[in-house]
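Protein chains: 4
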Amino acid sequence: MPRTTLHTVDVHFGDCDPAGIVFFPNFSRWMDAASLKFFMDCGLPPWRELVKTRGIVGTPLLEINTKFIKAVTYGETITIATWIEEWRDKVFVQMHRVTRGDDLICEGREVRAFVKRDADNPDRLRAIPVPDDIKALCS
Amino acid sequence: MPRTTLHTVDVHFGDCDPAGIVFFPNFSRWMDAASLKFFMDCGLPPWRELVKTRGIVGTPLLEINTKFIKAVTYGETITIATWIEEWRDKVFVQMHRVTRGDDLICEGREVRAFVKRDADNPDRLRAIPVPDDIKALCS
Amino acid sequence: MPRTTLHTVDVHFGDCDPAGIVFFPNFSRWMDAASLKFFMDCGLPPWRELVKTRGIVGTPLLEINTKFIKAVTYGETITIATWIEEWRDKVFVQMHRVTRGDDLICEGREVRAFVKRDADNPDRLRAIPVPDDIKALCS
Amino acid sequence: MPRTTLHTVDVHFGDCDPAGIVFFPNFSRWMDAASLKFFMDCGLPPWRELVKTRGIVGTPLLEINTKFIKAVTYGETITIATWIEEWRDKVFVQMHRVTRGDDLICEGREVRAFVKRDADNPDRLRAIPVPDDIKALCS
Numbered sequence: 074m075p076r077t078t079l080h081t082v083d084v085h086f087g088d089c090d091p092a093g094i095v096f097f098p099n100f101s102r103w104m105d106a107a108s109l110k111f112f113m114d115c116g117l118p119p120w121r122e123l124v125k126t127r128g129i130v131g132t133p134l135l136e137i138n139t140k141f142i143k144a145v146t147y148g149e150t151i152t153i154a155t156w157i158e159e160w161r162d163k164v165f166v167q168m169h170r171v172t173r174g175d176d177l178i179c180e181g182r183e184v185r186a187f188v189k190r191d192a193d194n195p196d197r198l199r200a201i202p203v204p205d206d207i208k209a210l211c212s
Numbered sequence: 074m075p076r077t078t079l080h081t082v083d084v085h086f087g088d089c090d091p092a093g094i095v096f097f098p099n100f101s102r103w104m105d106a107a108s109l110k111f112f113m114d115c116g117l118p119p120w121r122e123l124v125k126t127r128g129i130v131g132t133p134l135l136e137i138n139t140k141f142i143k144a145v146t147y148g149e150t151i152t153i154a155t156w157i158e159e160w161r162d163k164v165f166v167q168m169h170r171v172t173r174g175d176d177l178i179c180e181g182r183e184v185r186a187f188v189k190r191d192a193d194n195p196d197r198l199r200a201i202p203v204p205d206d207i208k209a210l211c212s
Numbered sequence: 074m075p076r077t078t079l080h081t082v083d084v085h086f087g088d089c090d091p092a093g094i095v096f097f098p099n100f101s102r103w104m105d106a107a108s109l110k111f112f113m114d115c116g117l118p119p120w121r122e123l124v125k126t127r128g129i130v131g132t133p134l135l136e137i138n139t140k141f142i143k144a145v146t147y148g149e150t151i152t153i154a155t156w157i158e159e160w161r162d163k164v165f166v167q168m169h170r171v172t173r174g175d176d177l178i179c180e181g182r183e184v185r186a187f188v189k190r191d192a193d194n195p196d197r198l199r200a201i202p203v204p205d206d207i208k209a210l211c212s
Numbered sequence: 074m075p076r077t078t079l080h081t082v083d084v085h086f087g088d089c090d091p092a093g094i095v096f097f098p099n100f101s102r103w104m105d106a107a108s109l110k111f112f113m114d115c116g117l118p119p120w121r122e123l124v125k126t127r128g129i130v131g132t133p134l135l136e137i138n139t140k141f142i143k144a145v146t147y148g149e150t151i152t153i154a155t156w157i158e159e160w161r162d163k164v165f166v167q168m169h170r171v172t173r174g175d176d177l178i179c180e181g182r183e184v185r186a187f188v189k190r191d192a193d194n195p196d197r198l199r200a201i202p203v204p205d206d207i208k209a210l211c212s
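Residue numbers (this note's numbering), protein chains in the order written: chain A, 74 to 212; chain B, 74 to 212; chain C, 74 to 212; chain D, 74 to 212.
Check before you lean on any hint, since a few could be wrong.
Identical copies look the same in the list; a pair holds intra-copy or inter-copy alike.
What the hints assert, rightly or not - Only pairs whose alpha carbons sit at most 30 angstroms apart, straight line, appear in this in silico DSSO-like list of lysine-lysine:
1. Lys143 <-> Lys110
2. Lys208 <-> Lys143
3. Lys189 <-> Lys143
4. Lys110 <-> Lys140
5. Lys189 <-> Lys163
6. Lys208 <-> Lys163
7. Lys208 <-> Lys110
8. Lys208 <-> Lys125
9. Lys140 <-> Lys208
10. Lys140 <-> Lys163
11. Lys189 <-> Lys125
12. Lys143 <-> Lys125
These are computed hints drawn from the structure, not numbers from a lab.
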């Protein structure tokens, strides 16, 4: 079993749209928070520290895939279970399973990469091979 | 060629994260705006009118898939080209191609359904067969 | 001392802007969540229930005033203390004091009103006198 | 008359809450975009350039005050007129007047300061005296 962390979200009025249900981009927002929480729970410092010590700016997305099964509204609490499904050379696949009690709400699959700023053009971000120590910490 | 509409977005400071690039859930937000703009450009009224005349609340997402190719920052303008790739019985596939000038920024694929409130439980939304007149308007 | 409730917020990467600090409209978003939490902690149901039983849609803002004292970044936790400073005939003043440990981060003052939909034009919201039972619950 | 710029916003479905009206923190978000647009229309580069040439990170908020007069919903377009009301030594007051056609929607008053990173602690932002050339450009 891969290492799995839990992230709890209380859904608020302002997270919902005129249909009264969560406006779906908020699920991506919460999964992103769950993604960083996963790394910090595994022992990594926040990105603003890691950029100073190792030049790693974060783990931007290359691809997301989310399936929405049930709607959620404000006043409800959801839990996001997060783990790394697969480590490849320069990218990794992070999964998020969102539940409300026994109900499966949605499932997200993210392809991410660790990135540094390009030496020649700091406005440009470049994927680096997944560092072995981070891989060991997070598996 | 399917009917295609364009939606332009000026990217703002607050849309960007500490890495200085667009926080990715904003792309889902902008694609959702492009989705409704598509329907309104095709001649549909806003959902709050359609719910009164036909009970249709909107087109919630069943699935999203987005590939991110290049990063964007504030002060830049992106254009979203939107069309319906496929009409199925109760769902449809809407595509969004996001560009900045000649650069492809990201591509989104959304599976959506037209929904009404359940007669027995108005808090519950139910997919309906895609109405023929809407399909004709939007193809 | 007026009744006071506490709302805790974990600040996430996506809440921060390219300067690395919380993008300030998020404080309004969190204060709004603290506002509804206050009413629910005092015993009110969520607005979607109250609209069914009493026609009350929520407590939209008439005015906000926020003073920002210190910046906050992701990975930090803030606490919002919320109370009603003043009940007037048709409006009330709700206060939010945001701290991070001993640091005062910001203070918000909101003027809000309980509203119902206009009988003649349901798209229009109308302030009602603050209901006495709600006032009693929340003081 | 102080120099005034206009910023137009199309209001989208996802900007609105379960009451069907704009979730109010979005007005702060749009005023922030109008604020930066003001400076760029006056001839300043985006902050990410100004930080390289002059160390100026941006203009964070010290205080906001917003009065909400009418509600807005999706499908509507609003215009934000923005100007500097007052230049003080280390802060300035920026005003935003939001209209929908002839309707006044809301009015915002922001107290902001130009900031640089502290030489000893780059995580800390420090207000600087308003640069004279910027003041001249923007008056």
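Hint by hint, here is what the structure shows:
1. Lys143 <-> Lys110: Both: 24 angstroms inside a copy, 24 angstroms across copies.
2. Lys208 <-> Lys143: The answer is between: 25 angstroms across copies meets 30 angstroms, while 33 angstroms in one copy does not.
3. Lys189 <-> Lys143: Answer is between: at 15 angstroms across copies they meet the 30 angstroms cutoff, but 37 angstroms inside does not.
4. Lys110 <-> Lys140: both (22 angstroms within a copy, 23 angstroms between copies)
5. Lys189 <-> Lys163: For Lys189 and Lys163, only the intra-copy Cα distance (12 angstroms) is at most 30 angstroms; the inter-copy one is 36 angstroms.
6. Lys208 <-> Lys163: For Lys208 and Lys163, the Cα distance is within 30 angstroms only inside one copy (12 angstroms; across copies 42 angstroms).
7. Lys208 <-> Lys110: Answer is within: at 15 angstroms inside a copy they meet the 30 angstroms cutoff, but 40 angstroms across does not.
8. Lys208 <-> Lys125: within (20 angstroms within a copy, 35 angstroms between copies)
9. Lys140 <-> Lys208: Both: 27 angstroms inside a chain and 24 angstroms across chains, each within 30 angstroms.
10. Lys140 <-> Lys163: both (25 angstroms within a copy, 16 angstroms between copies)
11. Lys189 <-> Lys125: Both ways: Lys189 and Lys125 sit 11 angstroms apart in one copy and 19 angstroms across, limit 30 angstroms.
12. Lys143 <-> Lys125: Intra 41 angstroms, inter 23 angstroms, cutoff 30 angstroms: inter-copy only.
The earlier numbered hints are all upheld by this structure, with none contradicted.
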